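Note that the sequence shown covers residues 1 to 328 in UniProt numbering.
FYI, nobody ran anything at the bench for these hints, they're computed from the structure. Be aware that one or more of the hints could be misleading.
Straight line, CA to CA, 20 Å or less: simulated PhoX-like cross-link-like pairs of lysine-lysine [said to hold, decoys possible]:
id	residue 1	residue 2
1	Lys153	Lys115
2	Lys61	Lys37
3	Lys61	Lys79
Predicted model only: the values in this text are computed from it and were never measured.
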Amino acid sequence: MKNKYRILKIAITVILLGFLLSFSLKKFSGQKITDNKISVKMNEKTPVYFIDEKDIREIVKKENPSGKVGDLNIPALEKKINALPAVDSANVYLNLNGKLNLDIKQRVPVFRLNKEGRDFYVDEKGTEFPISKTYSHPCMLVTGNVKKDEYEKLAELVGKIDKDDFSKKYFIGISKDKDDYNLLTSDGNYKVEIGDLDNIDFKVKGFKTFVEKYLVYQDPQKYSMVSVKYQNQIVTTLNPYFKENDSILKAGNKELAKVPTPTTVKKNTEAKPKKAEAKKETKKTSSAASKPKVSTKPKAITKPKETKKTEKKPTAAKPKTKAKVKIE
Numbered sequence: 001m002k003n004k005y006r007i008l009k010i011a012i013t014v015i016l017l018g019f020l021l022s023f024s025l026k027k028f029s030g031q032k033i034t035d036n037k038i039s040v041k042m043n044e045k046t047p048v049y050f051i052d053e054k055d056i057r058e059i060v061k062k063e064n065p066s067g068k069v070g071d072l073n074i075p076a077l078e079k080k081i082n083a084l085p086a087v088d089s090a091n092v093y094l095n096l097n098g099k100l101n102l103d104i105k106q107r108v109p110v111f112r113l114n115k116e117g118r119d120f121y122v123d124e125k126g127t128e129f130p131i132s133k134t135y136s137h138p139c140m141l142v143t144g145n146v147k148k149d150e151y152e153k154l155a156e157l158v159g160k161i162d163k164d165d166f167s168k169k170y171f172i173g174i175s176k177d178k179d180d181y182n183l184l185t186s187d188g189n190y191k192v193e194i195g196d197l198d199n200i201d202f203k204v205k206g207f208k209t210f211v212e213k214y215l216v217y218q219d220p221q222k223y224s225m226v227s228v229k230y231q232n233q234i235v236t237t238l239n240p241y242f243k244e245n246d247s248i249l250k251a252g253n254k255e256l257a258k259v260p261t262p263t264t265v266k267k268n269t270e271a272k273p274k275k276a277e278a279k280k281e282t283k284k285t286s287s288a289a290s291k292p293k294v295s296t297k298p299k300a301i302t303k304p305k306e307t308k309k310t311e312k313k314p315t316a317a318k319p320k321t322k323a324k325v326k327i328e
């Protein structure tokens with residue numbers, strides 16, 4: 001008998017609890033979600049304002065026009081908010097008192113990319129999302145044909161620049177020319193060529209030592225580029241529009257002009273035998289010209305002597321007339 005009473009008591013309590021629960025659920029589902037009962041929290045560390053609290057409240061009203069708790073589809077609402085481009089994650093839940101909580105984490109842009117005529121933001125995960133019409137976030141500007149698989153490494157580079165006081169002071173932008181990355185500087189019109197995105201710490205340290213030990217004592221307008229992409233060396237390019245570089249550039253051009261090219265060497269080697277041949281020809285002509293002079297003089301001297309002995313007067317008279325014509 002005792003067991004029967006116990007079973008009966010348990011059954012009655014279960015029925016009463018079920019009745020109370022159904023009553024409370026009906027009452028709970030009939031409650032209206034007013035503006036006071038909607039709590040929107042932005043959980044990002046860096047404050048960004050791509051999404052306004054008003055926008056979230058409007059989405060809640062569209063998803064639940066009646067405003068009742070029972071008509072609210074929480075998974076659908078959560079999916080709708082996560083679909084927003086500037087939202088990284090969203091968590092939606094209800095309290096027992098009927099309060100709707102929306103914990104939203106927005107995407108924080110690491111850099112702004114100008115690529116193929118388009119402007120958009122990229123976060124630390126390498127995710128693209130569009131620029132807002134109402135809010136512009138201050139971040140590093142990157143230009144050039146950057147590939148998607150390079151987004152994360154580029155975001156890491158920008159993060160290191162933002163954390164370092166020296167780098168943050170000097171570097172204001174990044175550009176990509178073909179396969180080489182360049183850091184744009186605020187001091188002067190020169191850029192720092194870093195090549196690929198590997199060994200960034202080492203390259204930035206190399207530029208830092210160059211600035212502290214040498215560039216501090218120079219005019220920043222002197223250079224158009226400082227390259228640190230090569231291992232253990234820094235290569236500088238002079239600015240051709242800087243007046244003080246004119247003498248250096250002219251001297252460099254003269255030295256380059258002195259260096260013989262392969263074509264000039266061939267010409268010189270080919271010209272030498274020609275000169276030698278010309279010398280030989282001149283010697284031959286001079287010797288040929290001198291020989292008749294030597295042969296004519298003895299003839300002019302001997303002929304008058306021979307005329308006296310052989311008594312050939314007309315023959316002796318002929319060379320004398322020729323000599324007189326030559327003197328005239």
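Going down the list of hints, with the structure as the test:
1. At roughly 17 Å between alpha-carbon atoms, Lys153 and Lys115 fall within 20 Å of each other, so this suggested pair holds.
2. Straight-line distance between C-alpha atoms of Lys61 and Lys37 comes to about 13 Å, which keeps the hinted pair within the 20 Å bound.
3. A hinted pair counts as satisfied when its Cα atoms are at most 20 Å apart, and Lys61 with Lys79 qualifies at roughly 15 Å.
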